[in-house]
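Using the sequences plus the hints, can you model the full thing?
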Amino acid sequence: MIKDKLTLTDLASLLADKLELSQKSAEDFVKLFFDSIEENLLANDVVKIKNLGNFKLSWNEARKSVDVNTGDEIVIDGYYKVVFTPDAVLKDQVNQPFAHLEPVVVSQPDLSSPKKSVASPTVNNKLPETPEESVAGLAALNKQADEIKSILSEINSMNGQEETIKETNSDKKVNETLIEAVQEEMTEPRSEEELSAPTTDDVVVEDKLVTSKKTKKKSSGWFWVLALLALIALATYYFKDSLFDSLSTPPSVAVTQQEEAVLADSIVSDTTAVADSVALAPAAPVDSLQLWFDSDRVYNEFIGSVKMSNGNRLTLISLEKYGAKEFWIYIYEANKDKIPNPDLISIGQTLKLPKLPAYVIDVNNPKCVEFAKHLADELKSKGS
Amino acid sequence: MTYKELVDSLSVKMNVSSNESDEIIQALVKEIQNQLTDGKTIGIQGFGSLELKKKEERLSVHPATQVRTLIPPKLVVNFKQSTLFKAKLKDISK
Chain A
640 MIKDKLTLTD
650 LASLLADKLE
660 LSQKSAEDFV
670 KLFFDSIEEN
680 LLANDVVKIK
690 NLGNFKLSWN
700 EARKSVDVNT
710 GDEIVIDGYY
720 KVVFTPDAVL
730 KDQVNQPFAH
740 LEPVVVSQPD
750 LSSPKKSVAS
760 PTVNNKLPET
770 PEESVAGLAA
780 LNKQADEIKS
790 ILSEINSMNG
800 QEETIKETNS
810 DKKVNETLIE
820 AVQEEMTEPR
830 SEEELSAPTT
840 DDVVVEDKLV
850 TSKKTKKKSS
860 GWFWVLALLA
870 LIALATYYFK
880 DSLFDSLSTP
890 PSVAVTQQEE
900 AVLADSIVSD
910 TTAVADSVAL
920 APAAPVDSLQ
930 LWFDSDRVYN
940 EFIGSVKMSN
950 GNRLTLISLE
960 KYGAKEFWIY
970 IYEANKDKIP
980 NPDLISIGQT
990 LKLPKLPAYV
1000 IDVNNPKCVE
1010 FAKHLADELK
1020 SKGS
Chain B
463 MTYKELVDSL
473 SVKMNVSSNE
483 SDEIIQALVK
493 EIQNQLTDGK
503 TIGIQGFGSL
513 ELKKKEERLS
523 VHPATQVRTL
533 IPPKLVVNFK
543 QSTLFKAKLK
553 DISK
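Line order of the protein sequences matches chains A and B. Under the numbering used here, the first residue of the first sequence is numbered 640, with each subsequent residue one higher. Under the numbering used here, the first residue of the second sequence is numbered 463, with each subsequent residue one higher.
Hints may be right or wrong, so weigh each one.
Claimed, not checked - When the alpha-carbon atoms are kept at most 30 Å apart in a straight line, the in silico DSSO-like pairs for lysine-lysine are as follows:
#, chain 1, residue 1, chain 2, residue 2
1, A, K689, A, K730
2, B, K536, B, K515
3, B, K475, A, K703
4, B, K542, A, K657
5, A, K730, A, K720
6, B, K548, B, K466
7, B, K492, B, K536
8, B, K475, A, K657
9, B, K536, A, K644
10, A, K657, B, K550
11, A, K670, B, K515
12, A, K720, B, K517
13, B, K492, A, K663
14, A, K644, B, K502
15, A, K695, B, K515
16, A, K687, B, K516
17, B, K492, A, K657
18, B, K536, B, K475
19, A, K1012, A, K964
20, B, K492, A, K689
21, A, K695, B, K475
22, B, K517, B, K502
23, B, K515, A, K687
24, A, K782, B, K517
25, A, K695, B, K517
26, A, K1021, A, K960
27, A, K657, B, K466
28, B, K502, B, K492
29, B, K548, A, K644
30, A, K960, A, K975
31, B, K466, A, K670
32, B, K515, B, K475
33, B, K492, A, K703
34, B, K536, A, K687
35, A, K994, A, K977
36, B, K492, A, K720
37, B, K536, A, K703
38, A, K1019, B, K466
Hints are computed from structural coordinates only; laboratory data are not their basis.
Right, here's the structure in full:
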């Protein structure tokens, strides 16, 4: 009967047969051989054996874990582990049965259009445009984007001045909503994938407006006129407001915002339709995101609050509420005054959950996640 | 520890010349190789075991170039330390 597992004794008898040694001395030798390997390993030394391979120790760092039964946090101590790297000779000999096989490069499906399929359903109704028309449309679009940018930068600079002069609460709020509205519009040059989440989110509530939007889409000429009108209205609205800066009318602000959202949505689907037909990438990307990143984030609206319980963490809350754990930093920022250290939050404390624009917590947009991580890193380096 | 040091230390302990020691070690290594190639497992009490494992074929995708490559199956030698050895290693980590 063939035994599958060889012991030290079996190995020694094979060796004794081969070299015509006595069984005892062969056994002694094999024992000594492995003992000295062990000894050297315990002294944290690498043991190299010709034609066999290298034995060495690798250090596994201590790590935190959770007791499966009790749910308590435990620490697994760091420990050494023996790693064996077979010598090339051994490797080749052992792999003889498969030695003739070579890695094969697999031909693959076309990679040139990888991301289009992720688009939202709103983009499905494309405008029937000839190439010439769409080029013109694109040019008009770029122009419009430039306009919006200049308005936006104006708003930004004025914002800075106003905040130093006067900080009435109502004024600030209006500015913010306006910026948000403009941001909604500014989302147009971004790729459709990034856009699908925010725009749909914002418009979901407004069934009526959505239907009217659909009718708008049918005539592109009407649409451009409307878009321009909206821009002008927005600009005048803002300037009027900054002149008589205490008179704020929240309901109308809300209405414009929704209109803008809807408009932005239709612009978006236009953009993608145009980009599709001309196969041109949209121009300046992710301006609204950048704006959000650069601004001092102030959280005035909240979607709820959470009472900290044992074992709960900011990351877990973030994962539940915003879809990814990286966005915990925003919860922290909104509760900065209450949390001295995000790693140590006392149990029973109530945390407010800030309302975040959907495009900021877009899990599918790597920029969002990256920025949140970057914020967290910054905080860490500040703390240490 | 290099191979030479191992040969020397064994030659001292076994009271043989280093040439003989080298020969014996190479014979032993050859034997281990052959047994592993036959698909047998070598288990040394208190040290660990050497075993042949089959790695299944797999499809790898180059992260940068997106080139998909079919990696053929292969046989590799796997070393697993014994629990006794593990306990000893735990002691030195403290």
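Going through the hints against the structure:
no. : hint               : verdict
1   : A/K689 <-> A/K730  : 13 Å, holds
2   : B/K536 <-> B/K515  : 8 Å, holds
3   : B/K475 <-> A/K703  : 44 Å, violated
4   : B/K542 <-> A/K657  : 27 Å, holds
5   : A/K730 <-> A/K720  : 21 Å, holds
6   : B/K548 <-> B/K466  : 27 Å, holds
7   : B/K492 <-> B/K536  : 21 Å, holds
8   : B/K475 <-> A/K657  : 21 Å, holds
9   : B/K536 <-> A/K644  : 21 Å, holds
10  : A/K657 <-> B/K550  : 34 Å, violated
11  : A/K670 <-> B/K515  : 25 Å, holds
12  : A/K720 <-> B/K517  : 22 Å, holds
13  : B/K492 <-> A/K663  : 20 Å, holds
14  : A/K644 <-> B/K502  : 6 Å, holds
15  : A/K695 <-> B/K515  : 20 Å, holds
16  : A/K687 <-> B/K516  : 24 Å, holds
17  : B/K492 <-> A/K657  : 11 Å, holds
18  : B/K536 <-> B/K475  : 39 Å, violated
19  : A/K1012 <-> A/K964 : 10 Å, holds
20  : B/K492 <-> A/K689  : 10 Å, holds
21  : A/K695 <-> B/K475  : 23 Å, holds
22  : B/K517 <-> B/K502  : 16 Å, holds
23  : B/K515 <-> A/K687  : 22 Å, holds
24  : A/K782 <-> B/K517  : 58 Å, violated
25  : A/K695 <-> B/K517  : 23 Å, holds
26  : A/K1021 <-> A/K960 : 26 Å, holds
27  : A/K657 <-> B/K466  : 23 Å, holds
28  : B/K502 <-> B/K492  : 14 Å, holds
29  : B/K548 <-> A/K644  : 21 Å, holds
30  : A/K960 <-> A/K975  : 18 Å, holds
31  : B/K466 <-> A/K670  : 18 Å, holds
32  : B/K515 <-> B/K475  : 34 Å, violated
33  : B/K492 <-> A/K703  : 43 Å, violated
34  : B/K536 <-> A/K687  : 24 Å, holds
35  : A/K994 <-> A/K977  : 18 Å, holds
36  : B/K492 <-> A/K720  : 26 Å, holds
37  : B/K536 <-> A/K703  : 35 Å, violated
38  : A/K1019 <-> B/K466 : 50 Å, violated
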